[in-house]
Amino acid sequence: MTQTTLSPQGKEEKEDHDSHTATKAHEMAKKQRDISVAEFFEKNRHLLGFDNKRKALLTAVKEAVDNSLDACEEAKILPEISVEIIDMQNDRFRIVVEDNGPGIIKKQIPNIFAKLLYGSKFHKLSQTRGQQGIGISAAALYGQLSTGRRIGIVSKISPKHPAHYFELHLDTKNNTPEIAKEEETEWKKDHGTRIELDLEAIYQKGLQSVDMYLKETAIVNPHCTIIYTNPKAEQIIFPRATDELPPETKEIKPHPHGVELGMLIKMLDATEARTLQSFFTTEFSRVGDGTAKEICSKAGMLPSQKPQEVSRDQAERLMKAIPQVRIISPPTDCLSPIGEENLKRGLKKEINAEFYCATTRPPSVYRGNPFIIEAAVAYGGELGAEEPARVMRFANRVPLQYQQAACSSTKAILDTVWRNYGLQQSRGALPIGPAVILIHMSSVWVPFTSEAKEAMAHYPEIIKEMRLALQECGRELARYTNKKRRLTDELKKRGYIEKYIPYVCSALGELLSLKENNKEEISESLKKILEEKRGKIEDISDDNEEYDEEFASIGQEGEEDEGEAGAKNDKEGDDQEQENGSGKKKRRKKNDDEENEESGEEQGGMDE
Amino acid sequence: MVQMHSPQEIVQDIKAIANEVYQKIIKIKAPTLSMPLRSLQNVKYDEKEGYFEVLGKKKARTLTASTVKTFAQTLLMMNESKKLVETDDIATKREMYYISKNWGEARFKEQPESDTVMDDYEAMLSVNREQIGFVPEEKGGAVAGKLVVIDKDDTGKELRIDCTKFGSGAYSVPTSVEHLKFETKADFVLAIETAGMFQRLVKHNYWKTANCVLVSMGGVPTRACRRFIRRLSDDMKIPVYVFTDGDPYGYLNIYRTLKVGSGNAAHINKYFCVPNAKFIGVTPQDIIDYKLPTHPLKDIDVKRVRDGMKNDPFVQHYKAWQKALDHMVLMKKRVEQQAFAAHSLNFVIDTYLPEKIKNQKTWLP
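Order-wise, the sequence lines are chains H and F.
Using my numbering, the first residue of the first sequence is number 457, and each one after it goes up by one.
Using my numbering, the first residue of the second sequence is number 39, and each one after it goes up by one.
Derived from the structure by calculation, the hints contain no laboratory data.
Predicted model only: the values in this text are computed from it and were never measured.
Don't be surprised by glycine CBs; every beta carbon is placed ideally from N, CA and C.
Errors might be hidden in some of the hints.
[To be verified] FRET-style restraints, in silico, Cβ to Cβ: (1) E143(F) - E796(H): 21 to 27 Å; (2) D945(H) - P331(F): 24 to 30 Å; (3) E143(F) - D945(H): 45 to 51 Å; (4) E143(F) - F1007(H): 41 to 47 Å; (5) A98(F) - E1006(H): 47 to 53 Å; (6) E1006(H) - T70(F): 56 to 62 Å; (7) A233(F) - K983(H): 53 to 59 Å; (8) E946(H) - S72(F): 25 to 31 Å; (9) T70(F) - S1009(H): 55 to 61 Å; (10) K275(F) - N974(H): 51 to 57 Å; (11) S72(F) - E796(H): 26 to 32 Å; (12) S44(F) - E946(H): 43 to 49 Å; (13) N974(H) - A98(F): 21 to 27 Å; (14) T70(F) - D945(H): 21 to 27 Å.
[Claimed, not checked] Beyond 12 Å from chain H on every Cβ pair, some chain F residues (computed): (15) L78; (16) E118; (17) A144; (18) E168; (19) A248; (20) I338; (21) K371.
Same shape as in the complex, but just chain F:
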């Protein structure tokens, strides 16, 4: 479903960009590399499609004395990526950073520099980085519950992975998920912020009682994790519920990115988001309803909320979210997933989750 280009097409695209630069240069004109602007300013929330759609805003990097270094680095990275695609090899972001150590003066000093150039380059071609030979380091997320994942081994033989059979462990989402197939009769997917909460639910076989698939996102979900949940939800036609800490980070970074994508990956949000995800908790209202112990809201949290209200098209679109965030700022409180343990260790399994899943009115869009 992701717009896949053949390696030949990718190589051609790369060459086309290089050639454009070359032609400009030999005509003694300053060459320009342009790419979609990667920020929330360049997305709008498309309600019908349910994700952040990229707007046409472009960032042009014209060759000048102050940009000549990044310009050279971008071209050098394009060249490395072309080699990777041609030889069907991959490099992680970290490996790319080390490859640059052969570039003499143009080498990257720190990995963040290399990552930024990579992100720009990826956006320039408007593909996801796996297609241009780069893979992320990060783990995709952990899965447990009523799901069979059908993968292939290196000979191409089908591998059936039963996610109920990992005991107290879990299945790990691979960095690329496009080739996976699924079998499941689960009622829903529950995406969980913290590994701790995930473990509690696995340990007490919550997936069995609730007939669901559990996914641990471990903070902001990686692209692979987002794509995995999206494909699972689309292919199997099952709903996705999200369970995070009750703080701005959980709402605006984790949930929002999972549901509609991010500004940074504006050009590929279409594929790396889960528009039908629903937020079940922990909501600010839950703090009152369940008498949860809280922490004071930090200045940085308040700032994050204000920022979201002002700049995030997703928040701007949903009154319910604005109300919830206002509520939180008013209470000056935030709450963690683990706070339910104050009532009893399994309160979350026995009481909270069943009640919340039953009562759609307590959800946030």
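Looking at chain H on its own, in the form it has when it is part of the complex:
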């Protein structure tokens, strides 16, 4: 008995002992498991642009609208998008975005809206707004996390098909969609998609607001109509300015100069080509037989080798060989810039300045990705002369409102010597003066610094193109500011004439005891002498008929909002960038009262 009682004890002890020696690793092993992408982003929501409540609202709207625009353009439909934000109280908002796009087939709806990293744009190279397949599902995830409510989708692909209604839940453990509700529904639209999403958020106007995002989107997408209903139930319509869709952007194959080793190995594995030579000619752009052979010979490999049999080592040799071979730049018809005229028209609508210029650079290439930089400048007029210039950044027609300091476009602006163009500028700071500077990058792959798509990465090729574009605008600006200075001088001189002629008359009159009518004669003659020589005054300022005061005021903070907004800001413990932005706005208004004490803060933020 004792033995039997002992033995299990001994066994237990032994087991205990065993487990004791292995405990740590075992324990740790218990905790080690797959991390789903969804879980990862649940914890790192800032990477997706959901780091605070104010930004969350903007990001969610932005992801939905960007998707709608991409879908419409791909389907060659003139976009008409309605955005509605409803205040549900207690920092909860419902956003409803509805488009007239091609719709989504039933099967795909759950994956698109409730599975991260699922999409059509990641694997193809073409100029689209979305690129990763994260955005809208991340918004859905955020909504789910902050309110517990599911995202609702209605989509219809043609009048012949029924509309489908889905309520989706995202299983964060497995990054898979769970369908909570699915039904056919009546929808009077011929085709399109509507999403409804609840989330925790703060609604606030200003440069980083939803209002501003929609307005700037309207500026650079003149072919779309946006109907916006804000939480105060005020409806704003941004009507389309043109019925022409931007030229269709073509999808291109990757260019060898942009490919990375991992991708190359994956492509080698997946290709249907039988030989290395045909692999290169069919899977890449700008590679003919000659170039393909050259790559192979530089890598010391046979063009006839089977792609699937290429070893890791050999792939690396190919990678080293590619840069040694001259390959024509990738095709650039895949890009659709906004265009100089549209840029100017957009700026004129938003900003009442006296001078506008815009430039579209010829296409260029970074890491095998073609891109086009455009820049525009508005100057003078109602713009504040003592403030840093306002910067408007766009990537593939999407406004970028956060992380200005981290963006390569900002670097390009800081690197440009604006003093040559009639603006003030201290070293390493934004130029000071009545100016708005706009930069747009279109590319098949815009290199963002994070998935939130807030700032463009610092590729030297990109910064160089940006600088060249800014310099082109700058030179035009300098021509204008010089002209204006001359004109100001001229007007001053004319003022002189008006001012001092009477004194010449009265002095001569007294000296020579002239009569009144003689004095008048002198006055007339003097005017002729002095003014005829000077010729006609040139009218140089741009008549801005496009300017729309109501339009321009959209998104600007109203007086009554400010105190409240400021308080919320504090509560939220906003990031630097945002404080920065609101500082700018406050100052902009206070400028009238000559209160500039916050300028230091603004400057400091930019220098970072």
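Chain H is already provided as a structure; the job is to place chain F on it using the hints.
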């Protein structure tokens, strides 16, 4: 001796200029006011006459948009001056500046603006400003020693002013000296830069021991002071010796202006200079000869010397001056009149001045 115009002539000259302007204007042509250029570029040193002679260079101020203000101001000032001459009144430069305050937009903001217009206007008529009703503010200088100045009181009665009878004070040169007469048996006139040195010489009755007339210029001599010394020297036929600090300012501004006039008053140098003045000290050589304590030459002094060498016709004419200035730049030293006190307070009276006056070889032309 100064070319005097009667008030009527002056008024006529003014009207003639105004009329010329008027005629141009009614013919729709831009009127021009022209005047001699007032700078060293427009003078040459005339050795025979001994002063800066004005060259023919003219400055034309054509009426344009950018000159219309000054043009109006010049005409307005001409008008004020005409009134002054007609009523036999005078205005100081400062008063003229205040008169302009009635001109509305054409008024002068600062007195220097008004002074420049006045100088231009004076040059335009080629007369001295006293004749067009303007008098300087500045004191003419102080005089002590063996001299009787004969002036008139307001009734026209003669006033005899004995310059030996001012005790420790001095006679003050009036702004206009044309009517003065002199009586003197002095051997020379000593023109002194600083009031301090003047006081020392007066206090110790240097004029008695040396039998001379002492004049304190107080920096660059005013026109009245220059004219006073000139008339005294010409009328009484006595030499003039000049005693300044040993620095470029003393040489090139004070002495040169006294002797040959200035670029600024080019049009009237003829009367406002003392061609027979001689420079007795302090010369750069004196620094060595008398072992004087010095100050380092400042950059601005060196610049002044270079400028003089390059642009001043007087310096360019006298090798002796060029040598002295080179010497000074080489030593990099300047010296003050008061430096003699390092030896003893009255060293300047007992030793320096007597020795220098005796020895012409130590002078500069």
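Here is how each hint holds up against the structure:
{"no.": "1", "hint": "E143(F) - E796(H): 21 to 27 Å", "verdict": "violated (47 Å)"}
{"no.": "2", "hint": "D945(H) - P331(F): 24 to 30 Å", "verdict": "violated (55 Å)"}
{"no.": "3", "hint": "E143(F) - D945(H): 45 to 51 Å", "verdict": "violated (19 Å)"}
{"no.": "4", "hint": "E143(F) - F1007(H): 41 to 47 Å", "verdict": "holds (44 Å)"}
{"no.": "5", "hint": "A98(F) - E1006(H): 47 to 53 Å", "verdict": "violated (59 Å)"}
{"no.": "6", "hint": "E1006(H) - T70(F): 56 to 62 Å", "verdict": "holds (58 Å)"}
{"no.": "7", "hint": "A233(F) - K983(H): 53 to 59 Å", "verdict": "holds (55 Å)"}
{"no.": "8", "hint": "E946(H) - S72(F): 25 to 31 Å", "verdict": "holds (27 Å)"}
{"no.": "9", "hint": "T70(F) - S1009(H): 55 to 61 Å", "verdict": "holds (57 Å)"}
{"no.": "10", "hint": "K275(F) - N974(H): 51 to 57 Å", "verdict": "holds (56 Å)"}
{"no.": "11", "hint": "S72(F) - E796(H): 26 to 32 Å", "verdict": "violated (55 Å)"}
{"no.": "12", "hint": "S44(F) - E946(H): 43 to 49 Å", "verdict": "holds (47 Å)"}
{"no.": "13", "hint": "N974(H) - A98(F): 21 to 27 Å", "verdict": "holds (25 Å)"}
{"no.": "14", "hint": "T70(F) - D945(H): 21 to 27 Å", "verdict": "holds (23 Å)"}
{"no.": "15", "hint": "L78", "verdict": "holds (31 Å)"}
{"no.": "16", "hint": "E118", "verdict": "violated (9 Å)"}
{"no.": "17", "hint": "A144", "verdict": "violated (4 Å)"}
{"no.": "18", "hint": "E168", "verdict": "holds (21 Å)"}
{"no.": "19", "hint": "A248", "verdict": "holds (53 Å)"}
{"no.": "20", "hint": "I338", "verdict": "holds (33 Å)"}
{"no.": "21", "hint": "K371", "verdict": "holds (44 Å)"}
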